[in-house]
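Since the structure of chain A is already known, use the hints to place chains B, C, D and E with the ligands on it.
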Amino acid sequence: MDYVLSLLGPLWQGTTVTLKLFFITLALSVPLGLVLALLRISRLRSISTAVNGYIWLMRGTPLMLQMLFIYFALPFVPVVGIKLPDFPAAVVAFALNYAAYFAEIFRAGIQSINKGQYEGARVLGLTYAQTMRRIVLPQVIKRILPPMSNETITLVKDTSLIYVLALNDLLRVARGIVQRDFTTTPFIVAAAFYLIMTLVLTWIFQRMEKRYARYDD
Amino acid sequence: MDYVLSLLGPLWQGTTVTLKLFFITLALSVPLGLVLALLRISRLRSISTAVNGYIWLMRGTPLMLQMLFIYFALPFVPVVGIKLPDFPAAVVAFALNYAAYFAEIFRAGIQSINKGQYEGARVLGLTYAQTMRRIVLPQVIKRILPPMSNETITLVKDTSLIYVLALNDLLRVARGIVQRDFTTTPFIVAAAFYLIMTLVLTWIFQRMEKRYARYDD
Amino acid sequence: GNNEQPATEAASQPAAARKVVVGLDDNFPPMGFRDEQNKLVGFDIDLAREAATRLGVDVEFRPIEWSAKEAELNSGRIDVLWNGLTITEERKQHIGFTSPYMENHQAIVVAANSPINTKADLAGKVVGVQEGSSAVQAVEKEAEITAALKELKKFGDNVTALMDLSAGRLDAVVLDEVVGRYYIAKRADEYRVLEDHFGAEEYGVGTAKENTELLAKLEEALNAMKQDGSAARISEQWFGKNIVK
Amino acid sequence: MISARDLHKRFGHVEVLKGVSLDMGKGDVIAVIGPSGSGKSTFLRCLNHLETIDRGRIDIEGETLVDTDAQGHCRYVGDADIRRICRKMGMVFQQFNLFPHMTVLQNVIEAPITVKRLRREQILPTAERLLAKVGLAEKHASYPSQLSGGQKQRVAIARALAMEPDIMLFDEPTSALDPELTGEVLRTMRQLAEEHMTMLVVTHEMNFAREVANRVIFMDQGELIEDAPAGEFFANPCHPRTRAFLQSML
Amino acid sequence: MISARDLHKRFGHVEVLKGVSLDMGKGDVIAVIGPSGSGKSTFLRCLNHLETIDRGRIDIEGETLVDTDAQGHCRYVGDADIRRICRKMGMVFQQFNLFPHMTVLQNVIEAPITVKRLRREQILPTAERLLAKVGLAEKHASYPSQLSGGQKQRVAIARALAMEPDIMLFDEPTSALDPELTGEVLRTMRQLAEEHMTMLVVTHEMNFAREVANRVIFMDQGELIEDAPAGEFFANPCHPRTRAFLQSML
Ligand SMILES: Nc1ncnc2c1ncn2[C@@H]1O[C@H](COP(=O)(O)OP(=O)(O)OP(=O)(O)O)[C@@H](O)[C@H]1O
Ligand SMILES: Nc1ncnc2c1ncn2[C@@H]1O[C@H](COP(=O)(O)OP(=O)(O)OP(=O)(O)O)[C@@H](O)[C@H]1O
Ligand SMILES: [Mg+2]
Ligand SMILES: [Mg+2]
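Protein chains in written order, with our numbering: chain A, 1 to 217; chain B, 218 to 434; chain C, 435 to 679; chain D, 680 to 929; chain E, 930 to 1179.
I should point out that these hints are in silico values taken from the structure, not numbers from a laboratory. Take every hint as true, because none was put in to throw you off.
One-sided and incomplete, this derived list gives chain A residues near chain E with beta-carbon spacing under 7 Å:
no. : residue
1   : V123
2   : G125
3   : Q130
4   : R134
5   : I135
6   : P138
7   : Y215
8   : D216
9   : D217
Note that CB positions come from ideal geometry on N, CA and C, so glycine has one too.
Just chain A, same shape as in the assembly (with noise of 0.2 Å):
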């Protein structure tokens, strides 16, 4: 028991950076997800499918290839090439890759808002902007709000993929303890964390639901 009190320092740490890799790929991918999806449903043929090509390109591909690629391969490539320090490539490699993901979600909730509301709105002389903006994407949030839930638990877990640029998260701190004391107690004790963070964003997103609950479509 004791020992387990002693884990509980380092694998907070290991929390802290778990969290901060959540948290600003949450706020980086989700404004750049609606961008891409209101991109993706334009009309200009050719923006839908470059968009629609880096969509694919992103959920084709393993997270972890795109941060090695990130942080090894893009300082060589010509003009973009960029060297970036480790944590800091390891949000843009998150922010990209969950931004491909969040748009698909944000596409499909947008597609889902009834022609009607579109139609009602356009008879009242709403323009597109404001139609957007006033009527379908408050209405979209209500129905995305089951698989955003489902995607933010998974980025609570993909985090520690940056153990690949040596970032110790909190399944790297384990795994670092298991090794030094040579027992496995620190990932029993790290799932636990991993529990409570779970629980934590699935109660959250239990209250929005019940917020949004108060109207029917």
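Frame of chain A, contents of chains B, C, D and E with the ligands only:
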């Protein structure tokens, strides 16, 4: 170019490991997920709660941890403890984990079927089992294709986690060559391999969606 | 303290002459690892600190994924590899080495009750190593033995391999002797080290090949530390005897 | 054919049926009318066990489906018996409840094959005859989503008839339909009545009630207020609530 | 108020409007009737630019919305002008198209605030007056999903009126409603007509057409076949197709 060709052999070997894990996981977790989903919506409170807890545990902790647990810790657990070789341990962890995800997809699909379908079948004299088998599940398949497609594509990429059990999947082989040859080309080739696999999957699911598009709900 | 913070800043600065960035695997006891307070400690850490003081530069320790060490060095994110880095012919092609500061063997660890006693007994057995470690090259160099093995399994780290040895799925693990002894000290009743080994080798400090200036300075500092006994003192702290050469 | 005695049903705190009784003979065509929320659908659904009653007794063709003992405990017969007894009644819903993944023909033959264990060849002639009867012979390979509302409802009727029920229950079979499509469904139902099918029809179509039904019953607030031959019902309704309702419908 | 000249519209290979013309004066209440698929909805939707026409000319209150030049090219005015001109027409749909995430009051004040840039306090009295007028003053804080169909449709009417249109277009405003709920919507529309609102109403309600409209037009297969004062239309329809249709509706 010659160098790229010389990579194809080893990378293909890694790909066979990846594909083997992928197909076995799918073959095990889909039926298991269906059983879990049916238990989850069962009226027996205790069963439904237990399944719910299982799903929560499996979705709340990283798959990598689950794999390490089954490989190293399970042998020491009394009663159920069993010492599995590396690949079977990975398969068990993947199947148990993905079954939880699939169960949630199936459950949502089943619950999205209109109450009228059950009543329509009931007044014709169909039993609950007949209604499930003949009326509900065939309709569920159509509805769950999009989330199943997502989850399956995620599985392709998740297979790379088996490196923790020292198995040589595609991504790990690529990393090995990167270390040996001091170049990032293998990453690019590996990315192409992943893209091909996800493309094939996307194509299969699109065909299935088209097949089911012959009727509307 | 916490080493990630300054590390990220350092990488965005141009190679600062007043600071040396040391890349290491922070899960590599006893050479470099984290203590209960999550602080980086270890034999190589102390050695590098001492050398830095002598050179009059700040030292910064930067955890890296060990299997990506060449890429890290190559990309200039770190200046020095100092973490039980074995000098091998392959590595010499990409890395500039100081002269050796320590001798090491690629030790063979087996379960305490194992019938294996010599290298030859490994025929038909499953052997584990850490991916990207010099143990891989050491074992593969002895081609007949490698060919006779049932399988050579490459793990992400040594502990996974040792745990698999405990679980009975491996018959032996090959790893740096200094590291192996550290672990065996923790579970003396479970493992033993064979007399036989996969060759002696030497640890050196590595830099980028073109960074000859830094290499020369490190060489100088190391020699001075060996001569005035400070290296021996650090060794006694960590190993109970002087194994610096 | 159907005898319901003093049916009571509550949803939570709301008593939806407050002691409804009805006797129905062979060949009866009874129209059930009444304002929205008066319990018409619930009454129908209790008869074929889509809802369970809280008190009362139901007999179908002389067999007891449910009864209430002296202590007020309501007892249903066993599951298999319930299924057997209820199969004597076919039901058509307002929302059709066709199976969208099956063609029209598959919809019709599904229950005979699965429930009655008939072979496909055995039921096929019947199914084709029924589809011809409802005027949809040439639509047998269409999916429900390819049909108009009126066509869907006629398939639903054919599907119910394929199980050869003795009694047909209809719950507002035309109220999800455009006025123009209503006619074709009512024509099919009129034809059934002419063939002496026993029918219980919840409807808003006064013309149908007037012309096809031989009895009309009026429900309000969970009670069966009036029960009279059709002609009498419209010419001379007894109860003031019936009169008010009939006025509002015209 | 509205002048449509020779409107043509095709969807793919199907010509849905084959040269429809209509002149509508201030205060006119015109009922549009005709069989399903005859192009009634399409005609209405072309008038306020929910569909674009392929040929023809539309003027709204003397301003041209779209015209066709000698080469047969159809030219709409600029986007801002389209929005300004179409805002003179309010529209009520069969499916209501209320905004489900907004309360009744928010539905009504959304467009005045967003489009006309009124402040909340400026529009609130109007909104409350309109809700009172359609009999829903006390429902202002409800969400659409908490209303019956008839109530929803009346909110939709109030929402359209809040933009102070000169003309109201209705596309089968009651055909998604139960017969019992139809009455309340028709009453609201009758009241509007009495206040001399100019209205164009696609409807299946013959009573409404007969009693409220001053003109009735009959469309069939993309053509406007008959256009007559309401009394005359029902008493003495000219065209055989009109006669056949009227017969089928009774
Ligand atoms: N499953 C249920 N749970 C709770 N209340 C219900 C349920 N089903 C019906 N009710 C309520 O019971 C009452 C009677 O409903 P019922 O559907 O039987 O009326 P109805 O006469 O068929 O009306 P309508 O003409 O609108 O179909 C209504 O107040 C309704 O809200
Ligand atoms: N967006 C569209 N794409 C293709 N065809 C269409 C479209 N909208 C309408 N149509 C077709 O145009 C024809 C006229 O349709 P419209 O909706 O105008 O008829 P309607 O007279 O309003 O019929 P209803 O009484 O059923 O509403 C129909 O054949 C319809 O299938
Ligand atoms: Mg009802
Ligand atoms: Mg229409």
